[in-house]
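Chains as they are written, first to last, in my numbering: chain D, 8 to 358; chain Y, 8 to 358.
Hints may contain errors.
Since copy identity is lost for identical chains, a pair holds within one copy or between any two.
As the list claims (entries may be wrong) - Under the rule of at most 25 Å between Cα atoms (straight-line distance), these lysine to any residue pairs were calculated in the SDA-like manner:
(1) Lys301 / Arg230
(2) Lys200 / Gly178
(3) Lys204 / Gln215
(4) Lys200 / Pro285
Keep in mind that the hints were calculated from the coordinates and are not lab data.
2 protein chains.
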Amino acid sequence: LTHVLAANDVIRIGSALFAATGAPADQARLVAEELATSSLMGHDSHGVIRIPEYVELVERGTIIPGAAPRIERTSGGTALVDCAWNFGAVGAHFAMDVAIELARGNQISCVVTRRCNHVGRVGAYVQKAAGRDMVAIAACNSPLHGHFVPPWGGIEGRLGTNPIAYAAPTGGEPILADLSTSVAPEGKIRVYKNQGKAVPDGWIVDAQGHPSTDPTAFYGPPRGALLPLGGPAGHKGYALGLLAEILCGPLAGLATADSAAFGNGLCFLVFDPQAFGPIQQFKSLVDATVLYMKSSGRSGGDREVLVPGELEFRTRQQRLREGIPVDDPTWEAIQQCARRLDVDLVALESG
Amino acid sequence: LTHVLAANDVIRIGSALFAATGAPADQARLVAEELATSSLMGHDSHGVIRIPEYVELVERGTIIPGAAPRIERTSGGTALVDCAWNFGAVGAHFAMDVAIELARGNQISCVVTRRCNHVGRVGAYVQKAAGRDMVAIAACNSPLHGHFVPPWGGIEGRLGTNPIAYAAPTGGEPILADLSTSVAPEGKIRVYKNQGKAVPDGWIVDAQGHPSTDPTAFYGPPRGALLPLGGPAGHKGYALGLLAEILCGPLAGLATADSAAFGNGLCFLVFDPQAFGPIQQFKSLVDATVLYMKSSGRSGGDREVLVPGELEFRTRQQRLREGIPVDDPTWEAIQQCARRLDVDLVALESG
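Please construct the entire structure, taking both the sequences and the accompanying hints into account.
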């Protein structure tokens, strides 16, 4: 059974629930908009499904609504931002706003975070920068309990799926990439598990390090591992995941193996293309690069050459028209949250 | 037949030959040292083999010895460097020196290049930054004739093998990664071709886009293509290669599909860890991260967990003791260069 919600209804419902947990109205809305956008763009694992999860994290004291993110230290084009354990999206948007502002003054900036909760779709923040005519790169790490990915040559998880995202402005929608440095994000294995299906070859190993297609061999216990991006060239995925870890962990003064850590670490890099030439020239050159990619012969009859983000922007258009599918357990959990928090869902749905 | 040269002999021979083409002594030595270091670290495709190639590029007017690299424009933490078509290593070292200096003032810097010849091993430049207690990331692109890599879903080359390199200082040797965003660098296919061997599955397609293991199907004509990193997740390798292209092409004001372009484009990012905390704290945290990686169980009896660069530093130690193997065609080409340039090789070899 699937419930279909209009994006605006998701935003209204999420805003009301987060506000009922104690979040200021603007921050409640920002988090709800972020989750609605993730669902609109097809990233369901970072979308509506997180509304009840975030409510529970507030109830458990993990998320502190209204806590004020602040710049802990800044010099030159850099800043270390304390996200104060507010919603991850509140901290991450604050950090990206700082990075964009620093890039206006220094043409290049680097912002790293501490005490940041789950940030959701990392692409959201670089997408924001591209909307301000900036190029941005983001790296994200996870703490010990999310270390699903072994080093190359190893079998025990030592790194998160550590996504790297980037965005660049064009004449139209930005180029927008958001990729885990493992062969797949952990959420995709969870989907196979929930559906009782085998995962593709080459994704996971069991706790003994043997190749497996059984998602329960990954989740254990004992837990298996999710392989780094690259297959036979997995040393490259490992190197990229380790780069994200260095930028989000040690650079921010945080230990990789800290067993008490939770939430996400972020490193944002923002480039002002106007440092090197007029912004219109940059956008025209990127547009030409996109056309050049698309001029390649195709590998299959109906297989299209896309640039990163293109599929997500199409899904957004479709779901703005047709609504966002919400599975039954998620809709049930949202209704339970509403009852606990005394929020009237019926009054919020436009119907 | 293999000739074995001591690293110092490679430097003496290379310096003498490059100086004989008109390079100032310090620049001739810098280029020769760079090639010797690449060979020492096991990157033979970017090492001694390039000495006769570079001599020929000077003779053809592609490399302009002694031409002065300069900062074309600079603002905040950024600079656009004109490498003036000197040897690529001269331009790239100049650009990295600018980036390190900018990072001292701004804690984060970004330098892009124009008019830069073949830069060799991209890892060399980030390694230099790590030696100055900086973290550095480099991206590198290639012009049209080096577009071996198709976009995801395509079959015709539209991107170079666009390496991404990074280095971070530790208590010992730096972490040093240098990876093409294709499944393998083009030079490795050349080695298979020269040996008359099949390349591994999943590396190349022929001109019709069909999977192949025949290196001659890759080189053509008609030319095939070298697949992006990631196998079934090749959209990720494509996204990373496209990122390198955006940073080295459009950001520097250069068109991706310019058929007259040659040489390499570079984008250097340099981070001063002291922006966020004491340098010793950063190095200790990275050392702890390395130990944590190595604490993973191993995937095979004698398969070791390494960090990026570790194998290269071991090879360097070995080749400093045992010398650098130089194949017969390369040694013959070096002797021909020496005769043309009236350089006495015998006097240069320590024997």
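Hints versus structure:
1. Lys301 / Arg230: between (42 Å within a copy, 18 Å between copies)
2. Lys200 / Gly178: neither (41 Å within a copy, 43 Å between copies)
3. Lys204 / Gln215: within (21 Å within a copy, 34 Å between copies)
4. Lys200 / Pro285: neither (50 Å within a copy, 45 Å between copies)
Violation of the numbered hints given earlier is confined to hints 2 and 4; the remaining hints are satisfied by the structure.
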